[in-house]
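Letter by letter, the chains look like this.
2 protein chains.
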Amino acid sequence: MVQNARLHSLGILVLCVLSVPAMTTAQQPVLNLMPLPANTQSGTGSLAVDSSFSIAFTGYSEPRLERAGERFLKQLAHQTGLLFALKPSKTGKGTLVIQTDHASKEIQEVGEDESYILDVSTASARLRASTPLGTMHGLQTFLQLVDVSANGFAAPVVTIQDQPRFPWRGLMIDSARHFIPLDVIRRNIDGMEAVKMNVFHWHLSENQGFRVESKKYPKLHELGSDALYYTQDEIRDLVAYARDRGIRVVPEFDMPGHSTAWFVGHPELASGKGPYAIERKWGIFDPAMDPTNEKVYKFLDDLIGEMARVFPDHYFHIGGDEVNGKEWDANPKIQAFMKAHGIKNNEALQAYFSGRVQKLVTKHGKTVIGWDEVLVEGVPKDIVIQSWRGQASLAKAAKQGYRGILSNGYYLDLGWSAARHYAVDPMSGDAANLSPQEKQRILGGESCMWAEYVNPENVDSRIWPRNAAIAERFWSPQEVRDPVSIYARLDFVSSRLEWLGLTHRSVSRHMLQRLAGSASPAEFAALRTLADVLEPVKDYTREQTAPAEPTSATPMNRVVDAVPLESDAGRLFGELVDQFVAASSHDSAAEARLRAQLTAWRDNDAMLQPLAQRSFLVQEVAGRSQDLAALGSAGLAALDTIAKGQPAADSWKAQQLASIDAAKKPKAQLLLIPAPAVQKLIEAAAAGGGCGSSKP
Amino acid sequence: MVQNARLHSLGILVLCVLSVPAMTTAQQPVLNLMPLPANTQSGTGSLAVDSSFSIAFTGYSEPRLERAGERFLKQLAHQTGLLFALKPSKTGKGTLVIQTDHASKEIQEVGEDESYILDVSTASARLRASTPLGTMHGLQTFLQLVDVSANGFAAPVVTIQDQPRFPWRGLMIDSARHFIPLDVIRRNIDGMEAVKMNVFHWHLSENQGFRVESKKYPKLHELGSDALYYTQDEIRDLVAYARDRGIRVVPEFDMPGHSTAWFVGHPELASGKGPYAIERKWGIFDPAMDPTNEKVYKFLDDLIGEMARVFPDHYFHIGGDEVNGKEWDANPKIQAFMKAHGIKNNEALQAYFSGRVQKLVTKHGKTVIGWDEVLVEGVPKDIVIQSWRGQASLAKAAKQGYRGILSNGYYLDLGWSAARHYAVDPMSGDAANLSPQEKQRILGGESCMWAEYVNPENVDSRIWPRNAAIAERFWSPQEVRDPVSIYARLDFVSSRLEWLGLTHRSVSRHMLQRLAGSASPAEFAALRTLADVLEPVKDYTREQTAPAEPTSATPMNRVVDAVPLESDAGRLFGELVDQFVAASSHDSAAEARLRAQLTAWRDNDAMLQPLAQRSFLVQEVAGRSQDLAALGSAGLAALDTIAKGQPAADSWKAQQLASIDAAKKPKAQLLLIPAPAVQKLIEAAAAGGGCGSSKP
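Protein chains in written order, with this note's numbering: chain A, 209 to 904; chain B, 209 to 904.
No wet-lab data here; the hints were simulated from the structure. Everything numeric in this text was worked out from a predicted model, so none of it was measured. Cβ atoms here follow ideal geometry from the backbone N, Cα and C, with glycine treated the same way. Each hint should be verified, as a subset may be incorrect.
Restricting the straight-line Cα-Cα distance to at most 25 Å, the calculated cross-link-like pairs of lysine-lysine (BS3-like) are [as the list claims (entries may be wrong)]:
{"#": "1", "chain 1": "B", "residue 1": "Lys503", "chain 2": "B", "residue 2": "Lys427"}
{"#": "2", "chain 1": "A", "residue 1": "Lys424", "chain 2": "A", "residue 2": "Lys481"}
{"#": "3", "chain 1": "A", "residue 1": "Lys489", "chain 2": "B", "residue 2": "Lys295"}
{"#": "4", "chain 1": "A", "residue 1": "Lys506", "chain 2": "A", "residue 2": "Lys547"}
{"#": "5", "chain 1": "A", "residue 1": "Lys282", "chain 2": "B", "residue 2": "Lys489"}
{"#": "6", "chain 1": "B", "residue 1": "Lys875", "chain 2": "B", "residue 2": "Lys489"}
{"#": "7", "chain 1": "A", "residue 1": "Lys423", "chain 2": "A", "residue 2": "Lys567"}
{"#": "8", "chain 1": "A", "residue 1": "Lys481", "chain 2": "A", "residue 2": "Lys541"}
{"#": "9", "chain 1": "B", "residue 1": "Lys506", "chain 2": "B", "residue 2": "Lys489"}
{"#": "10", "chain 1": "A", "residue 1": "Lys295", "chain 2": "B", "residue 2": "Lys888"}
{"#": "11", "chain 1": "A", "residue 1": "Lys427", "chain 2": "B", "residue 2": "Lys295"}
{"#": "12", "chain 1": "A", "residue 1": "Lys506", "chain 2": "A", "residue 2": "Lys571"}
{"#": "13", "chain 1": "B", "residue 1": "Lys861", "chain 2": "B", "residue 2": "Lys888"}
{"#": "14", "chain 1": "B", "residue 1": "Lys873", "chain 2": "B", "residue 2": "Lys746"}
{"#": "15", "chain 1": "A", "residue 1": "Lys506", "chain 2": "A", "residue 2": "Lys423"}
{"#": "16", "chain 1": "B", "residue 1": "Lys295", "chain 2": "B", "residue 2": "Lys423"}
{"#": "17", "chain 1": "A", "residue 1": "Lys489", "chain 2": "B", "residue 2": "Lys282"}
{"#": "18", "chain 1": "A", "residue 1": "Lys295", "chain 2": "B", "residue 2": "Lys489"}
Derived coverage of chain B by chain A (criterion: at least 3 residues anywhere in the stretch with Cβ under 8 Å from a Cβ of chain A; other residues may be distant) [claimed, not checked]:
{"#": "19", "region": "641-648"}
{"#": "20", "region": "699-706"}
{"#": "21", "region": "718-731"}
Work the whole structure out from these sequences, hints included.
Structure, rendered in structure tokens:
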């Protein structure tokens, strides 16, 4: 409703942008956009983008818009290789005329108008938005529309009326467990802008590091960071950089647990005796702040006050997750306090702590956001819950009147496929049954890049391109959910993201080169063939399957660190097998492609093994290479059997499935992705006559 | 002799590093070093490089060495993925102990001691050098030695005694025709350091741009650069950056020709009437300074004085090439001056100009270097000639007592293969017959990256990896010249160069993605298969074959701009054909590989054509794709014929060779590299029974 009113105020004929959800009308070609817009009306023809291309701003103006315009032009030049003027036109005339109505808030707020309308005709284009936030989103859409065509670079004729489904669309990066330098943060913010995310949640303190300069308590970063921290000036620059891209920066200072690094310089905050050292391992640890110590609140008052000035956002994340309570249990003074104040258990003690901290945050003009655990009885209704537990937890909070965002299902470190993340919806499960008013309390979600197993080198490849699928989940209408469409668009958006400076694709080759050393080109090709169908183990099995207990000093130079979290080659092979097995008549083209792939896998091992003899890092995957060869052989045997059109003997099936079972087991912390697809071929062969034998 | 004295002074037993040229002893494994050292004595075993690795400096110390040590550690960490302390040890103890005797000159001079000795044992390593220059070279050698092994990262046990063959080993980058930003310059300087080049020759002024801020004459850069110039502060930083890597920076201000951009702000310097505009085309143009105008010398006195302070190097390049004399011929005042002063022709007029400018350069404490043309009768003996004309010109100069460096044969923009550049030696041709004293005047050489057809995006790929081969030519002993050895090492060094930030390999995929747009993965693979065997046209044919007259506004987004200048796939195919054709008995493994490759080429076109229909930039190479398919078919037909063991009919041969002739012709400014190799197969087939038919 608000949206329509706004459109009307812009004087636009609303009828011409009929609410056509992007995926529902058969005649509407799916544009290579990610996230897909709310409403798209495709026309005929296209707007040429050549060296005469220009943009002009009309209406409200501010330096941020000028910079956005220059960034847009630079990116468009990069994306086309064309040379055009890299400054917006001053005449009010341009190929793309951009009209912004008025300023957005000085400090970006949750739920500001981010809508825009983009009209592309064969002669020109118009972008209209209420605020610079919408303008910047519209510019990103235009960049995605421009593609090479038979006649040059062009954008298709289209009218897009777009606004986000959720007002809170975030990416969290943990730069505490492994420090992530600012240039890496910046290029990820560029990536967020490209896919219309609007919250950068910065996880800044952990057992393993306190990453922000404190002038008030310098021992925090001096003793708690191994000299790897951000200065306040750097943070201010980063906040400005994000604001320039319509992105809020929400800092997280995790407390009362996850805080060992604080205690290295300030053991007096802790519940245990200390001394404390920066934690080098991963997991949940005992150290926690002492909720019964008034000095802790004085300290936090100072620190939150200081950080509230460094981070202008209205929200302040206090963490609050995973306190195991052991230090509390072991401290007689804390036990005495609990008894004296009628605090029955550790959960109640944490609630007491959260309540005190929440008041401090409020005192400094901010609203608390925290993980599920901060939601305890009596906490004021204005706090925001970030749910790592799931939709049920979120729905429960919403029913109680609390706003929340979903992160369960969006943990990028768990190695899920883009499709699996994409299928998770903040409004599904218990949340689907909320009242409209309660649903409004679900503000959106955040993907989370926890950093046990990422470093500055490979973090991009752990975030992208899958994060673009999550961004679409948060932006596009709920009914946009076709996982097939997403992969074609992801492939396209993924290359464009690399043009922004992200390294998620290129880093894999670099890292494989490191472990291949002076491999011959043929050996290196063999390593890539293997690596292309491997994925790291999923969920929390990485730690369980580790050859030695991993720490922050463990090198990340192994194949498991180098391969992408989702194997394109594995997925495409699986799709081909499905198509072949499901075909009603024999698909000889598909069979030929399967044979070629399976033969390549079968023969790859012979090329790889000499390299494995020379490199300990390749040696680690020598077994996976043999498994892949076995998959190749088994798959070819299955195709042979299918070609005969007779069911295979049970003994044959059992023998083949044994090799599949071996291939399915994780080794070197790596999964061999084609194993289930080859199993399907064997089962089809065993069933006989399935998938259209080549004999009539 | 000097070298031996130095070794002696270091107290080293010279006998243990017998002068064993790296390539001559069969027992000596060729190390993956580029450039190859002067003397290498390999031992048994290796030094482990693990997370305990450290370095320590002893002897002379300076901040530059500390920085070099930190850079070395950072690079080694990057190259291994290991986490070790990134600061040199302060204890004097380390895995690698580095001893430097004394400082090098504050302003690096030609012919300073750059030698070093590197001893690697199974327990530790020692690097010894007279000066930081040698130390830095030795660190680069150590970085190249470290490779992955069966037991971890390691450096082989070896003693290397090394010094350069030539004291002047340069790379020239033209950042005047296309502006090259400083980050690109810096990463190329990193690359130079890695391959032990020591002169960055910066071509800074041209008809198309004057790229340096002048405070004295600001109209030079304000009106002559399209706002694309380096400030003096930036230049000072760059000079410091280069000095930190043992690299001199020699600026070139080209005069009296190649100077249109100067005249935009200062038409009074020119011989014509003006007005002048920044030149947008390529070639040799008429504008030239007026050698008869005293104001010109006053101006140059000021400017050279200003620039002499910005660039501390002892040498100052005044260009001097390619003056066509047309403005001089057309100017009555100049003609009158020549008559009055007995100047017989334009060559003599340029000699007069050069002499005057040479005196100004000398006045400001610098020595002149210039292109061949500056060598005219009576020029003082201390100038240095940079020869674009060749060894004969260089030898002639040496005989007259002039020092010189060779650039003929090292023009990177001509698209020669690494092997072809590598075969060019400054001491070959006429230079081979010089006396020892005359030979000493040949200081080395410079590769030249002229910038008509490069921009910041693809310039790395036009310099590297071929420049590493040229660097070896300048550093390693003359007898090191095996072109086979170079390609294996180039492949290795090329990936390492990308770890420094150079983009010569990765950029090709980025650029192909741009022109492929939303291609499917299979279509994109087809484009890469084609691109992998294409090279841009060679020498000066790029301009002649251009579809329209190229200018500085011509986009560089075509396939010709994206593909590397040397096709690895094409070279490897050629080697395989040579091996197959030369074999005395039928090599069925080679035949199978040839068949697989030829089949892939034959079938690639069907996948590419749909993409060509959708992209005008792929459409341009649709014909090349058809030619490649024809090569595939012809090659397969030749293999079939060879398998029969009977000579083919003449008509067959003629028909096949016709398709080769079509493939050999440049199209879309691209050469199809496998064409000559397929021709060899056809000729072998026509000859019959050659290369071992499969029948006995």
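Against the structure, the hints:
1. Lys503(B) - Lys427(B): holds, 16 Å
2. Lys424(A) - Lys481(A): Holds, at roughly 24 Å.
3. Lys489(A) - Lys295(B): holds, 24 Å
4. Lys506(A) - Lys547(A): This hinted pair holds, its Cα atoms lying about 23 Å apart.
5. Lys282(A) - Lys489(B): This hinted pair holds, its Cα atoms lying about 24 Å apart.
6. Lys875(B) - Lys489(B): With a Cα-Cα distance of about 23 Å, the restraint between Lys875(B) and Lys489(B) holds, given a limit of 25 Å.
7. Lys423(A) - Lys567(A): Given pair Lys423(A), Lys567(A) holds - Cα atoms ~23 Å apart, limit 25 Å.
8. Lys481(A) - Lys541(A): holds, 12 Å
9. Lys506(B) - Lys489(B): Violated. Lys506(B) to Lys489(B) sits at ~30 Å, over the 25 Å cutoff.
10. Lys295(A) - Lys888(B): Violated, because 55 Å separates the two Cα atoms, which is more than 25 Å.
11. Lys427(A) - Lys295(B): holds, 22 Å
12. Lys506(A) - Lys571(A): holds, 13 Å
13. Lys861(B) - Lys888(B): holds, 11 Å
14. Lys873(B) - Lys746(B): Roughly 12 Å separates the two Cα atoms, so the pair holds.
15. Lys506(A) - Lys423(A): Measuring from Cα to Cα gives roughly 16 Å; hence the hint holds.
16. Lys295(B) - Lys423(B): violated, 40 Å
17. Lys489(A) - Lys282(B): holds, 24 Å
18. Lys295(A) - Lys489(B): holds, 24 Å
19. 641-648: violated (count 0)
20. 699-706: Holds, because 4 residues of the region 699-706 of chain B bring their Cβ atoms closer than 8 Å to Cβ atoms of chain A.
21. 718-731: holds (count 10)
Of the hints listed earlier, those the structure fails to meet are numbers 9, 10, 16, 19, in rising order.
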